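Colleague: Let's have the full structure, built from the sequences with the hints guiding it.
Number of protein chains: 4
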Amino acid sequence: MNDVVKPKRIGILTAGGDCPGLNAAIRGVGKTAIVEYGMEVLGFHAGYSGLISGKYNVLKESALSGILTLGGTILGTSREKPFKMAKNGDNLKPEKIKKNYAKLGLDAVVCIGGNGTMKTASLLAQEGLNVVGIPKTIDNDVWGTDVTFGFDSAVQIATDAIDRLHTTANSHQRVMIIEIMGHHAGWLALYSGLAGGGDIILLPELEYNIRSVCKKIESRYEDNKPYSIVVVAEGIEHPKDKSAASHIAEAIQTYTGIETRETVLGYIQRGGSPTPMDRILATRYGSFATQCIAEGNFGTMVAIKDNELTTVPLEEVGGKLRLVESDHGLIQKARKMGVSFGDEFL
Amino acid sequence: MNDVVKPKRIGILTAGGDCPGLNAAIRGVGKTAIVEYGMEVLGFHAGYSGLISGKYNVLKESALSGILTLGGTILGTSREKPFKMAKNGDNLKPEKIKKNYAKLGLDAVVCIGGNGTMKTASLLAQEGLNVVGIPKTIDNDVWGTDVTFGFDSAVQIATDAIDRLHTTANSHQRVMIIEIMGHHAGWLALYSGLAGGGDIILLPELEYNIRSVCKKIESRYEDNKPYSIVVVAEGIEHPKDKSAASHIAEAIQTYTGIETRETVLGYIQRGGSPTPMDRILATRYGSFATQCIAEGNFGTMVAIKDNELTTVPLEEVGGKLRLVESDHGLIQKARKMGVSFGDEFL
Amino acid sequence: MNDVVKPKRIGILTAGGDCPGLNAAIRGVGKTAIVEYGMEVLGFHAGYSGLISGKYNVLKESALSGILTLGGTILGTSREKPFKMAKNGDNLKPEKIKKNYAKLGLDAVVCIGGNGTMKTASLLAQEGLNVVGIPKTIDNDVWGTDVTFGFDSAVQIATDAIDRLHTTANSHQRVMIIEIMGHHAGWLALYSGLAGGGDIILLPELEYNIRSVCKKIESRYEDNKPYSIVVVAEGIEHPKDKSAASHIAEAIQTYTGIETRETVLGYIQRGGSPTPMDRILATRYGSFATQCIAEGNFGTMVAIKDNELTTVPLEEVGGKLRLVESDHGLIQKARKMGVSFGDEFL
Amino acid sequence: MNDVVKPKRIGILTAGGDCPGLNAAIRGVGKTAIVEYGMEVLGFHAGYSGLISGKYNVLKESALSGILTLGGTILGTSREKPFKMAKNGDNLKPEKIKKNYAKLGLDAVVCIGGNGTMKTASLLAQEGLNVVGIPKTIDNDVWGTDVTFGFDSAVQIATDAIDRLHTTANSHQRVMIIEIMGHHAGWLALYSGLAGGGDIILLPELEYNIRSVCKKIESRYEDNKPYSIVVVAEGIEHPKDKSAASHIAEAIQTYTGIETRETVLGYIQRGGSPTPMDRILATRYGSFATQCIAEGNFGTMVAIKDNELTTVPLEEVGGKLRLVESDHGLIQKARKMGVSFGDEFL
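Chains as they are written, first to last, in the working numbering: chain A, 10 to 355; chain B, 10 to 355; chain C, 10 to 355; chain D, 10 to 355.
Simulated from the structure, these hints should not be mistaken for laboratory data. None of the hints are false.
Which copy? The list can't say, so a pair holds if one copy fits it or any two copies do.
Straight line, CA to CA, 27 Å or less: simulated DSS-like cross-link-like pairs of lysine-lysine: (1) Lys90 <-> Lys102; (2) Lys64 <-> Lys105; (3) Lys234 <-> Lys345; (4) Lys90 <-> Lys234.
Nothing here was measured: the structure is a model prediction, and the numbers come from that model.
Modeller: This is the structure in structure tokens:
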């Protein structure tokens, strides 16, 4: 570390879908940079678009006050992918980013985002930029880390919604279906399903059988439990012309004849103030990312493994997903307590 | 009131869609009956079904402890309409109710519900039963009272959801559409729309024009407010093959080209613990309903007018709806602050 | 209204203790002034101090965006009383205010606050300023209006706290005392006590007897209800060297021997995001205050009577308090349901 | 494990202070026992008192429905310590427990509690009972596990309170002190202090200096940050005749002259519905405890180490505390971001 030139000026951006904790991470990066290392911090606008266009604000410490509790991102975000080839084969965006990086005298840039963001960050690192990634997503599916911020907040919102459905399900003796975000990974459906006392939980990673689902509901009915809560991830197999929730609801209504209603929870899962644990996790990631910069640890994503902060090479992260294993401890426990994952008759 | 036989035994039921505060109302009726008047209280199961079948539990004071905060209804509910004629023209249900009422020695029955429930209650009163109605609904559209319990809780849930959408809308600079319950009455969309800082609010009672909606969004965009929140009641005019939210979202996306996302809030609006104000309102209604019984004031619905408890004849209530007037004070105020109701170019 | 000079420039300030909804009221005043009437709006800093010192910001519409949901006040507040005589008998503050008012070309000033603020507003009106007052306080004790914003939010916070105490009281079979804000008026203790299912509620307006309190707890114990919740307003009669809660807790422990614990809820009752109903009430008040200015209706406080917006002369408001009457409807209902107000043996 | 007699009948109890998640743990133990292993489950009343007196209920699956979300404990709790010697040297309680255990034909008993409960559980194991412990406490200070349930919920309640104080502190430009539970361990103050954006955090484990505290507040004042939030654990060094919060508040007011207010959060930190993560943790612990019984793994406490479920011998747990190390990673990160722990001038 002796030869490391002491970094003076760093950039920061948030990319991909927004989630609770982005501002806490920005604050963690910025406060540590300013208070501990005396760095200057540039906040780029709207994800990688800001690096391409060179639009930024200098983030003074005062701009970082009061944002710990705010949802969304004060920097804005976008799904801009600068390495995606243009139709005519040209792509000047990476060059623009490199020019801006040099022109602004940046010593490093912190990229906060999910899988796609980390892939771009890895490519920028290959182009010679000093990059540190911070993983965020409500889906908790970033490869290389045990947990991402945004997940705890989303679990809370989804669980709160399931709690509310219980009272209606019970009062009307209905089956209630709730669809939770998660195209590929079922972490959010699994955690909120367990925390919300779901009777059946369907995940993208586990094959399910509508017959198993209906049998479970009927056996509950026969056991004098005339209502059931079914938690489904949006990414389970279903016809493309309807939502996952509609598909399951229609099947249950048809096969069991029991009154069934569905709710698609939607965008409220990503908004609002982060939970305390997400604020702390995002703060830890943010502060640690700045420390990585100070120590010259580039081309890496900050991560948590077994409760310890660590780093993983960005090139190992990109393009992979962390999915729920079919024999995950929580699934095993849940089965023992009578929860169905819809795969009993496969 | 001199000739009133002191009531000894009363029934209570909850009918129609569930909403927060039902248990608080049951507790209000029951505790007042037991503590103040020494009555016996029978809780009938699943709405009017329980009166037909004669299924009930005796509600002791201990059964009323701890239910003040619970969502749903401990009695269960149903949409049973005992006066609806059977296909063959026969209908023995009213007779069954009258027999059970006599057989159980009831002096009165309290019916908690919305418009439909009050209509049935009115018909039962015509059949000679001593009936007192208590108005509940998240829609706040029961005729004859200024407010129903369940509404305050639903406004809070809906507003909380709109709050969450703001951060995503802002971070992504999108238009976010949220669909709120309300087939005929827009009270819930109006209140949550204002409390949530909605930019455009569409109500079933007000004709709207998609051009007005798009103009408003574009003018905000031009004023450097690149995101907008649109709150729509489910009952606004829209094609039957999609939700109101989808209809508006597609139109905005098509005409303005601005990225638009929709959320249909759904059943979570009716569940969960009631707000303090709904608990108090339900308690007041419940306690007052028992007082009405003690005073022999039958065939009436308890109501609030100008903050005072009062009663209205059940026969005046049934079949009517309390709708938002187009010149309602809140609408006038909102217009002055720049909120659009989508009717500028009609 | 023909002779009214069209107001062009107005001031606004928040004074006294902060409470949820202040920013919603500022936004209501400001947006209506800017959007509807084309006025310029000056926000004075830290209550009446800002009028004395002339410190203000021009509030553009953009500064009013996003503040609807924020607790506290973006203008700051203070307990400055400009008409309080200095020790030497001099007092130049009113003159300074008048000079600033003239120098800045103000056509009117909106003063948001509680009883003390309204008194000062009234004195400023007597000095010739065009003043409109807006009532706020979590105590709900401003004379001349049925309700103030801040109250609904505080009821919710206090009720949430009481809900939490229930589980501990029940698990440990203890008496739990909770002290709620309210020096003179018991509205907050009354409403949260009822919504939280308190067994005993002590208000500043009602004389109480510790023997009644203990008898009630003992009779509950004998009825197999081994825990009790006691809600006390901070302003009930008690020795000055301890809190009201400590006083009651010690007495109960001594006389009944039942394990008793106390909690003083404190400042969290005034903080955080306002409830939807407080946002709407504050918005209505704010917008209506600007309308009063436009109509030349000065020297008045905006108010709600029987759900209708109205105005009352400021000179009638100052120095009076709206207290809980001993035969208030809620107290009557609560007594019938078995709630004690500690006055059974007086 | 071959020789293990298949357990048929198990007991369960909750002891010590209540905390969110106790019912989720009871449900986890019970549902796994009933659904997976066909055991019978006896719920003992009021902690170890129930084992002494032999008071219990058989917990059927239906009794475990709907308790996942409830705060407190359906079994009741107490601070009964059966091995504490009576004054005359006699102590028949352990013998009574052994007799009841034998008479009821118990194969094992699950003891849910904190440090004291684990010590008693260890002594019961030495007496020959088959015991499995489950750690709970909002203090998170049970030795041998990384985390206890109840902690996440308490962090959320405390953080929510700190969030509310921010708006008042800012509006009035005051110093706000908040006292958080934690006699010996500062975990709750540390986590809620960081999540709530506290400027100064005082923990029982770290020596502090009132001069450091005041210097920090004054330097913030000079940096144009005229308000500060100070989070103190109840167990920091302070005179016994006042609360920790009062002690710090008085010192700050005296030395800096800046207006200071205090709040003692109290019992609301242990009540109410558990967070989703506490529900899941308690469920995992509960289900795993039953699995330990099925596998004959007795005399152990279930625990989490590096995110994995494991067991530790009960005899190693009793009487020890898990405290915050002075160089804990969160403390290091917080210092780098400008948070003071009051030890700068020691």
